[in-house]
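Student: Okay, here's what each chain looks like letter by letter:
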Amino acid sequence: MALLEVDDLKTYFKTREGEVHAVDGVSFSLERGKTLGIVGESGCGKSVTALSIMGLVPGPGRVVSGSVVFDGRSMLDRKQRELEDIRGRDIGMIFQDPMTSLNPTLTIGTQITETLRRHLKLNRDAARKRATELLEEVHIPNAAGRLDDYPHRYSGGMRQRVMIAIALACNPKLLIADEPTTALDVTVQAGVLDLLRELRAEHDMAMVIITHDMGVVAETADDIVVMYAGQIVEHATTLDLFDTPEHPYTEALLAALPQLEGENVREGRLVSIPGRPPDLLAPPLACRFAPRCQYAGHDDCAGVLPALREIRPGHWVRSAHPASERAAHAVGAR
Amino acid sequence: MVADRRAEFEASLIRTAETRGQEAGAALQRASLLRDAVHRFSRNRAAATAAFAFLVLIGFVFITPMVVSASPYDINFENAYLSPSWAHPFGTDEFGRDLFVRTALGGRVSVEIGFAATIAIMFVGIVYGAISGFAGGWLDNALMRFLDALYGLPYLPFAIITLAIFGTPSFWPMVVALTVASWFTTARVMRGQIITLKENDYVRAAHALGARWYRVLFRHLLPNTLGVIIVFVFLELPGVVLGEAFLSFLGLGISPPKASWGTLAQDGYSSYQSHPYIIIVPSLAIAWLILSAFFIADGLRDALDPRTRSY
Amino acid sequence: MLKFIVRRVVWTVPVILLVILMTFVMMRQIKGNPFQVTERAVPPSIQRNLDRKYHLDKPWYIQYAYYVKGVATFDLGPSLVQRNQTVNDVIKEHFPVSLKLGLFAMIWAVLLGIPLGVFSALKQNSIFDYAAMGFVNSGYALPNFLISTLLIYFFAVKWRGVTGFPTNGFEGWHAWILPALALGHAPMTVFARIVRGSMLETLQQDYIRTAKAKGLRWRRVVGVHVLRNSMIPAVTAAAPLLGFLIAGSFIVEFIFGIPGIGRYFVNSITGRDYSVTMGITVMLSVIIIVANLVVDVLYGYLDPRTRDARA
Chain A
337 MALLEVDDLK
347 TYFKTREGEV
357 HAVDGVSFSL
367 ERGKTLGIVG
377 ESGCGKSVTA
387 LSIMGLVPGP
397 GRVVSGSVVF
407 DGRSMLDRKQ
417 RELEDIRGRD
427 IGMIFQDPMT
437 SLNPTLTIGT
447 QITETLRRHL
457 KLNRDAARKR
467 ATELLEEVHI
477 PNAAGRLDDY
487 PHRYSGGMRQ
497 RVMIAIALAC
507 NPKLLIADEP
517 TTALDVTVQA
527 GVLDLLRELR
537 AEHDMAMVII
547 THDMGVVAET
557 ADDIVVMYAG
567 QIVEHATTLD
577 LFDTPEHPYT
587 EALLAALPQL
597 EGENVREGRL
607 VSIPGRPPDL
617 LAPPLACRFA
627 PRCQYAGHDD
637 CAGVLPALRE
647 IRPGHWVRSA
657 HPASERAAHA
667 VGAR
Chain B
-17 MVADRRAEFE
-7 ASLIRTAETR
3 GQEAGAALQR
13 ASLLRDAVHR
23 FSRNRAAATA
33 AFAFLVLIGF
43 VFITPMVVSA
53 SPYDINFENA
63 YLSPSWAHPF
73 GTDEFGRDLF
83 VRTALGGRVS
93 VEIGFAATIA
103 IMFVGIVYGA
113 ISGFAGGWLD
123 NALMRFLDAL
133 YGLPYLPFAI
143 ITLAIFGTPS
153 FWPMVVALTV
163 ASWFTTARVM
173 RGQIITLKEN
183 DYVRAAHALG
193 ARWYRVLFRH
203 LLPNTLGVII
213 VFVFLELPGV
223 VLGEAFLSFL
233 GLGISPPKAS
243 WGTLAQDGYS
253 SYQSHPYIII
263 VPSLAIAWLI
273 LSAFFIADGL
283 RDALDPRTRS
293 Y
Chain C
7 MLKFIVRRVV
17 WTVPVILLVI
27 LMTFVMMRQI
37 KGNPFQVTER
47 AVPPSIQRNL
57 DRKYHLDKPW
67 YIQYAYYVKG
77 VATFDLGPSL
87 VQRNQTVNDV
97 IKEHFPVSLK
107 LGLFAMIWAV
117 LLGIPLGVFS
127 ALKQNSIFDY
137 AAMGFVNSGY
147 ALPNFLISTL
157 LIYFFAVKWR
167 GVTGFPTNGF
177 EGWHAWILPA
187 LALGHAPMTV
197 FARIVRGSML
207 ETLQQDYIRT
217 AKAKGLRWRR
227 VVGVHVLRNS
237 MIPAVTAAAP
247 LLGFLIAGSF
257 IVEFIFGIPG
267 IGRYFVNSIT
277 GRDYSVTMGI
287 TVMLSVIIIV
297 ANLVVDVLYG
307 YLDPRTRDAR
317 A
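Residue numbers (this note's numbering), protein chains in the order written: chain A, 337 to 670; chain B, -17 to 293; chain C, 7 to 317.
So here's chain A without its partners, still in its complex pose:
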């Protein structure tokens, strides 16, 4: 049985202008010890999906339907108190901006030990010892001495490592990393990703990594889910996705990656996807990618919302014109 099973999750936000369908029918499952990558542009609903799993969707948003089953039990109909037990202990989460994700008025030590004391019931000294070990695990130099420092004494990369230490403190079965490297510069990024890889193996932890960076996901994920406008448009193993992407959006994402080798590299222009994502305020029941898709327009495919179908074993796609079918039906670009 999978560690995490999400089925037709829908999370909407009530606003003055109406309801925003931030997550509109997302399903996936994750096995123990595996890593799932969720990619997509800003606003496609990847973060909200993660927050929905944790029960941390802010204020005007709420999960309207669907199910989330973690370790055999449903998450959505739990009381807050039960969720509080699971969070931090069985599921850890790290966020995008390390500069603001730590409380500036508490020492790093306190912020680590409070988790330990809360979930593992350690006393003060044991908690401090464990906290020092955790800092060492994430390669913070002079860990014992830095325990009583305040966050502003740490650099961005170090703070993110602290966040990881906190998330892993109680040996959770699942780690959700929401854009863990986006706010860091490239060299620091590499260090953090290496660290995640190392810890994952050591703790045999499942991970969901959310990012808009295809490079990051290629390195860390076993399976990838591509989201667009609140829905999953493609789901495959990493190898399969990069080898034979099916959805026009995925293809465009991959094409947009700057190339260092290949023909015409010096003369060509950077490829970008024209247009913008649709407004998720009561979206129409139609193909959401159509306005930006280069294969739409020859037939009525734009007016119909395609279902997510398994085009190959283990490879799902939500498109009327996935790549492998285009050759067969000779659909050309617009």
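Because the hints were derived from the structure by calculation, they are not lab data. Warning: the hint list may mix true and false statements.
Unchecked claim - According to the in silico footprint, chain A covers these stretches of chain C (three or more CB under 8 angstroms from chain A):
(1) 206 to 215
(2) 224 to 235
As the list claims (entries may be wrong) - Listed next, with one range per pair, are the computed distances between beta-carbon atoms:
(3) A:Asp530 with B:Leu191: 50 to 56 angstroms
(4) C:Leu27 with B:His189: 37 to 43 angstroms
(5) C:Ile133 with A:Pro396: 15 to 21 angstroms
(6) C:Arg13 with A:Pro619: 56 to 62 angstroms
(7) C:Ile133 with A:Gln630: 51 to 57 angstroms
(8) C:Val303 with A:Lys415: 56 to 62 angstroms
(9) B:Phe200 with C:Gln53: 50 to 56 angstroms
(10) C:Arg13 with B:Gly118: 21 to 27 angstroms
Even for Gly, the Cβ is constructed at its ideal location relative to N, Cα and C.
The hints should help you fit chains B and C onto chain A, whose structure is shown.
Tutor: Structure of chains B and C alone, referenced to chain A:
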């Protein structure tokens, strides 16, 4: 210093300056920003209601005496201490004078003093702050240190001392007394504004084009602080009106027969245990002014930069 | 941290000197003769003697020097009107009363204001929130004298039988309750509003989301993470409130017949008792300056970022 911390309250206004500074520049842009702000303001129900209430008060204060026939100076002991009725909507005082008209006239005085003092505060504060911020360097430092010292002056005692210097309390002495210890915050905020705006690229561009300092100051910097200034007007006005009321209540206010809300309250004080409405009416008028001005200031602050809004 | 404190303390000395200077200069502008007890003018020879005794014949900077020396040795000079009393006597007699009143008022303000703010923020937009904020906002606008008189009217007059509060006279612990409430009301509203706003802002912060994601009990999230960061603006607000409190105390002491420093101040000004006026003003200034210092230090303790950032 605490003065810095205090400035954090007004930091929301300074953030406004940053966004304004980055967006503004050409006069054309400014006009549409103003329209934007007006639009946002009118959509804010609390602020629009407050603005309406404020105008109603101003209208009451200025128009009523011209329209109503009852004279505020008619002493008629037979009519003393009448309760509110149709003929005398607010009742009468111990001399039989109609309170409705007296409150309106008193309001005129209070509001006039209030606006005069507020404008004086703005003027002093803006000049001081602008010089300090614009000059920078040692002058800025010195001026700010001096300002920090001024914060140590207790407001009311100094107002009272100022009044004593003038001898008899009439309009202008009162205005000066109220201004003397109230302009510090404005100066500080203005300085903060100017400093933030100074760093903007369009100012550098102006310099690069050879603009002289006064052109930069008057054409570029000051107009972009207008929004903040207007907000501050509505923030300072209540304080000043309340200050005048306090001074009058203590017996240091405008001499009769002219009255202000404060002196009316003082009159009412002598008989509040038997006829409380005499003190209640002018107090409520003051409260009305304070509340409406405050919500207008709030609304203006939101209208100028919705990002600083707290939900 | 220690360096920070020392620097701040050292700074207060020139500030106090400056404040004394300004007060001194202003006081000299007040016309009047403290020795003139009756309508008749004081005989010139007596005037000269009195002038010489109180150094009033020396140039102003000499007088200033004498005065500063006096302040340094805690000798604020003799009362010019009440010949057998020194200013220190006056202060010793009346200041403790005002101090107690101020303290009680602040305690009330904190005890009611902060919880109101906290719970309003936690239950944002609920009926409790609206009711509490309505109460707070209206309380803020109503002038001190109205609140005082209303309190007396209801609690001491109308419902006398129930509460047993006296209407005037100042005996027993009963007598402190109403004045403390009246004086503390405005500060209470300020605290409530600031705490609420600050908490709302803190609740939005990323680190609160992290705390929740760690699975901490909501009790702890609020008690440790939210409150600690929200209290900082409230602390900062405390110092300016002192000015509020001083001004308010003048009114409250007047109405409740409390023999405090505020009442004495007004009397000394009208009586042209320069030294008493100076003495009280200087003392109040020193209190304000020291209070600002304390708040600054407290702020440094509460917000670790400022400790290191301080140059």
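Student: For each hint, tell me whether it holds in the structure or not.
Tutor: Verification of the supplied hints:
1. As drawn, the region 206 to 215 of chain C meets chain A at 4 residues by the rule of a beta-carbon pair under 8 angstroms; at three or more, the given contact holds.
2. Note: the region 224 to 235 of chain C has 6 residues with beta-carbon separation from chain A under 8 angstroms; the three-residue rule is met and the coverage holds.
3. Between Asp530 (chain A) and Leu191 (chain B) the CB atoms are about 51 angstroms apart, so this pair conforms to the stated range of 50 to 56 angstroms.
4. Checking the proposed 37 to 43 angstroms range against Leu27 (chain C) and His189 (chain B) shows it holds: the Cβ atoms sit about 39 angstroms from each other.
5. Distance hint check for Ile133 (chain C) and Pro396 (chain A): the Cβ-Cβ separation is about 19 angstroms, which falls inside the suggested range of 15 to 21 angstroms.
6. Distance hint check for Arg13 (chain C) and Pro619 (chain A): the Cβ-Cβ separation is about 60 angstroms, which falls inside the suggested range of 56 to 62 angstroms.
7. The beta-carbon spacing between Ile133 (chain C) and Gln630 (chain A), approximately 55 angstroms, falls within the hinted interval of 51 to 57 angstroms.
8. The supplied range of 56 to 62 angstroms is broken by Val303 (chain C) and Lys415 (chain A), whose beta-carbon atoms lie about 44 angstroms from each other.
9. At about 54 angstroms, the beta-carbon gap between Phe200 (chain B) and Gln53 (chain C) stays in the expected band of 50 to 56 angstroms.
10. Distance hint for Arg13 (chain C) and Gly118 (chain B): a CB-CB separation of about 23 angstroms, consistent with the stated range 21 to 27 angstroms.
In terms of the numbered hints stated before, the structure departs from hint 8 and from no other.
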